[in-house]
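2 protein chains.
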Amino acid sequence: MTTAPAFEATTYHAPSWEAISEAHARIAPRIHHTPILTSASLDSMAGASFFFKCENLQKTGSFKIRGAANAVLSLSNEQAGHGIVTQSSGNHGAAVACAAASRGVPAYIVMPKNAPKVKIRAIEAYGGKITFCEAKVSSRKETCDRVQAETGAHLVHPYDDDRIIAGQATAAKEFLEETPDLDAIFAPVSGGGLLSGTCLGAKAIRGDIRIIGCEPARADDAYRSLATGTLQSQDSSDTIADGLRASLSPRTFAILRRHVERILLVTEEEIISTARLVWERMKIIIEPSSAVALAPLLKPSVVASLTLPPRPDGRLAKLGVIFSGGNVDLNALPWLP
Amino acid sequence: MTTAPAFEATTYHAPSWEAISEAHARIAPRIHHTPILTSASLDSMAGASFFFKCENLQKTGSFKIRGAANAVLSLSNEQAGHGIVTQSSGNHGAAVACAAASRGVPAYIVMPKNAPKVKIRAIEAYGGKITFCEAKVSSRKETCDRVQAETGAHLVHPYDDDRIIAGQATAAKEFLEETPDLDAIFAPVSGGGLLSGTCLGAKAIRGDIRIIGCEPARADDAYRSLATGTLQSQDSSDTIADGLRASLSPRTFAILRRHVERILLVTEEEIISTARLVWERMKIIIEPSSAVALAPLLKPSVVASLTLPPRPDGRLAKLGVIFSGGNVDLNALPWLP
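Protein chains in written order, with our numbering: chain A, 1 to 337; chain B, 1 to 337.
Just so you know, these hints were derived from the structure itself, not from any lab. Think of the CB as a built atom: it goes at the ideal place given N, C-alpha and C, for glycine as much as any other residue. Wrong hints could be hidden among the right ones.
[As the list claims (entries may be wrong)] Computed list of chain A residues with no C-beta within reach of chain B, every gap over 12 Å:
no., residue
1, A125
2, S249
3, S305
[What the hints assert, rightly or not] Below, computed lysine to any residue pairings styled on SDA-like, alpha-carbon distance capped at 25 Å:
no., chain 1, residue 1, chain 2, residue 2
4, B, K129, A, G152
5, B, K129, A, S301
6, A, K203, A, E280
7, B, K318, B, D181
8, B, K318, B, G207
9, A, K203, A, M45
10, A, K113, A, A204
11, B, K203, B, D238
12, B, K117, A, S41
13, B, K203, B, A14
14, A, K136, A, Q234
15, A, K299, B, L277
16, A, K129, B, G207
17, A, K113, B, K129
18, B, K318, A, S102
19, A, K129, B, S44
20, A, K117, B, L277
21, B, K299, B, L333
22, B, K318, A, P35
23, A, K141, A, P35
24, A, K117, B, L333
25, B, K117, A, H82
26, B, K318, A, A28
27, A, K129, A, H82
28, A, K117, B, Y126
29, A, K203, A, H259
30, A, K299, A, E269
[Unchecked claim] Now the in silico label distances, taken between C-beta atoms and shown as ranges:
no., chain 1, residue 1, chain 2, residue 2, range
31, A, Q232, B, K113, 55 to 61 Å
32, B, I130, A, G229, 42 to 48 Å
33, A, R103, B, K299, 30 to 36 Å
34, B, S41, A, T38, 26 to 32 Å
35, B, T267, A, R103, 47 to 53 Å
36, A, R103, B, S301, 34 to 40 Å
37, A, P310, B, T267, 53 to 59 Å
38, B, S41, A, K113, 24 to 30 Å
39, A, I205, B, D313, 35 to 41 Å
Put together the whole structure using the sequences plus the hints.
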């Protein structure tokens with residue numbers, strides 16, 4: 001059994017550009033280079049030029065395969081030999097199961113009982129071995145510790161892990177390499193792995209780019225943590241954005257404090273209506289967690305509050321939005337009775 | 001009022017590569033260069049390598065904007081001055097309305113009473129003026145003739161028009177320019193505009209590429225026409241593939257006879273289950289008409305009957321599939337009660 005070193009805020013160095021570039025080279029053959037899509041109708045609704053990085057079209061249906069593949073592929077044979085263990089509300093679990101399967105080692109996934117059935121089935125389809133726990137952060141950790149002790153598997157935490165953060169950073173790296181003149185990037189925040197990686201990957205390329213996190217009001221620990229300057233806990237959450245129910249770790253909080261401009265909150269109703277709008281207008285399937293990153297930008301008061309500078313050539317602000325995933329139960333759409 | 005010259009099979013020359021290239025240059029600023037997506041899970045189900053040209057992600061939600069924009073933008077001011085008239089089950093109507101709006105002229109759209117509400121709303125959103133008719137081919141034509149006589153508008157037929165066929169050919173042109181080594185391309189067939197264009201665009205680049213049409217068994221006039229060598233009519237159809245209810249014209253039949261290897265038929269159940277599979281696995285929204293082009297390839301007996309050669313390097317056959325559109329009513333999914 002192996003464990004990651006304990007986090008020390010005073011001495012912590014976040015993943016470097018070199019680590020992110022190495023991660024990208026390592027995972028590139030195993031992931032999709034996802035398309036960046038645009039939508040004239042959403043642009044005209046918001047008075048901005050949107051660019052959507054479509055990680056919903058990523059392998060396993062979410063960005064999570066970037067970090068999971070980076071972590072699993074960077075292990076020695078000795079480290080990986082007893083398999084991989086993790087806790088996940090779903091997408092990270094599927095990503096770890098997929099990455100472990102491609103390496104031929106078992107994946108042990110601890111997930112809350114209220115995880116969507118479609119995400120449970122996806123993990124099973126990749127051969128992952130599931131242990132269910134209560135839907136509280138504390139129960140997830142205890143169960144994960146127990147499974148790890150029993151199996152000797154290597155822990156790949158969903159976000160409190162530099163290998164994961166470096167992997168997730170490759171989405172922003174691709175985004176800015178293909179669309180270099182974005183004014184800002186918006187990403188959803190849960191445990192902070194994607195948002196941390198977005199900061200590191202984007203700021204290394206363009207130090208002046210603005211990074212803004214988006215979070216359900218019903219799971220607002222990142223908002224409260226950045227507002228107070230102290231890591232805030234959140235032991236349970238009932239947002240429909242089932243990928244955003246985790247809380248920041250000291251590691252991700254340290255990165256976000258330094259690089260994230262602000263966190264925008266959205267209601268459950270805004271999440272649902274935005275998801276539906278994207279399905280209708282863009283013909284792509286996003287899960288509610290993805291809609292969280294766009295929803296605030298459809299409110300004129302929020303867009304005005306961002307004080308985006310008019311561009312020199314008079315063009316609209318260029319806003320990058322990361323759609324984090326597309327795993328939904330097609331028998332239970334949020335807008336249908 | 002202007003009319004297209006009558007079609008003469010004996011002297012007909014289908015649109016040339018030059019006409020297709022000119023069309024592409026004309027419409028490129030107005031359309032999306034749509035992504036080509038892949039899916040490891042669909043590949044493993046079929047034992048082939050699929051490449052999906054995603055015209056469901058095209059502006060107006062279907063490939064139809066290619067032909068409509070080419071026709072409308074190639075008109076003189078005098079020709080376009082009284083507006084554009086057409087008949088359509090939906091997607092061509094929205095495309096003509098969009099193209100006419102961008103030119104600042106009215107669009108008169110004749111559509112069957114049973115067209116999906118979502119397609120009616122899309123035409124209205126582009127400012128198109130709708131006249132409803134019965135759901136028979138004969139009623140469509142009569143109503144369209146009447147509206148044309150009343151308005152003096154320029155007729156842009158949904159497929160019996162070389163400007164339309166040249167525009168639709170640009171999808172296959174992009175497809176092969178980006179994925180040059182496809183073994184075959186599969187496209188749905190209704191009136192034959194997309195399939196004719198696919199033949200012309202693809203064969204001009206790769207004379208040996210195989211082109212195969214796919215059609216609902218409940219609207220099998222192209223299958224019967226190619227089987228008998230004589231243009232067969234079909235005055236009504238009740239397939240769920242609402243974009244595939246029209247019949248070939250002498251013009252499209254002439255092109256298909258020359259270039260299409262065969263037509264594959266699919267049942268309504270296969271259309272629905274394939275559409276759902278694509279939504280689930282690829283996280284994109286395709287309408288039932290799109291699923292028609294993939295459905296036969298999920299049947300091992302059909303794939304075997306295609307006698308695709310093993311590739312020299314031992315790789316799987318590379319099959320290109322055109323997803324024609326993504327306009328569906330999200331309140332009435334085919335697989336929900």
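Hints versus structure:
1. A125: Not fine: 8 Å to the nearest Cβ puts A125 of chain A too close to chain B.
2. S249: The assertion about S249 of chain A holds, with a minimum of 28 Å to chain B.
3. S305: holds, 29 Å
4. B:K129 x A:G152: violated, 68 Å
5. B:K129 x A:S301: violated, 35 Å
6. A:K203 x A:E280: violated, 33 Å
7. B:K318 x B:D181: Since the Cα atoms of K318 of chain B and D181 of chain B sit roughly 7 Å apart, the hinted pair holds (cutoff 25 Å).
8. B:K318 x B:G207: holds, 16 Å
9. A:K203 x A:M45: Roughly 29 Å separates the two Cα atoms, so the pair is violated.
10. A:K113 x A:A204: violated, 39 Å
11. B:K203 x B:D238: violated, 33 Å
12. B:K117 x A:S41: holds, 19 Å
13. B:K203 x B:A14: holds, 12 Å
14. A:K136 x A:Q234: Satisfied, since the Cα-Cα distance of roughly 9 Å is no more than 25 Å.
15. A:K299 x B:L277: violated, 34 Å
16. A:K129 x B:G207: violated, 50 Å
17. A:K113 x B:K129: violated, 52 Å
18. B:K318 x A:S102: holds, 23 Å
19. A:K129 x B:S44: holds, 22 Å
20. A:K117 x B:L277: holds, 16 Å
21. B:K299 x B:L333: Roughly 23 Å between the alpha carbons, so the hint for K299 of chain B and L333 of chain B holds.
22. B:K318 x A:P35: The given pair, whose Cα atoms are some 21 Å apart, holds under the 25 Å limit.
23. A:K141 x A:P35: violated, 35 Å
24. A:K117 x B:L333: It holds: about 19 Å lies between the C-alpha atoms, which stays within 25 Å.
25. B:K117 x A:H82: Given that 25 Å is the threshold and the Cα spacing comes to 55 Å, the pair is violated.
26. B:K318 x A:A28: holds, 21 Å
27. A:K129 x A:H82: holds, 13 Å
28. A:K117 x B:Y126: violated, 39 Å
29. A:K203 x A:H259: holds, 8 Å
30. A:K299 x A:E269: holds, 13 Å
31. A:Q232 x B:K113: 55 to 61 Å: Since Q232 of chain A and K113 of chain B have Cβ atoms about 57 Å apart, the given range 55 to 61 Å holds.
32. B:I130 x A:G229: 42 to 48 Å: violated, 58 Å
33. A:R103 x B:K299: 30 to 36 Å: holds, 33 Å
34. B:S41 x A:T38: 26 to 32 Å: About 27 Å separates the Cβ atoms of S41 of chain B and T38 of chain A, which means 26 to 32 Å holds.
35. B:T267 x A:R103: 47 to 53 Å: violated, 41 Å
36. A:R103 x B:S301: 34 to 40 Å: For S301 of chain B against R103 of chain A, whose Cβ atoms are near 35 Å apart, the range 34 to 40 Å holds.
37. A:P310 x B:T267: 53 to 59 Å: holds, 56 Å
38. B:S41 x A:K113: 24 to 30 Å: Holds, at about 26 Å.
39. A:I205 x B:D313: 35 to 41 Å: Holds, at about 37 Å.
In terms of the numbered hints stated before, the structure departs from hints 1, 4, 5, 6, 9, 10, 11, 15, 16, 17, 23, 25, 28, 32, 35, listed from lowest to highest.
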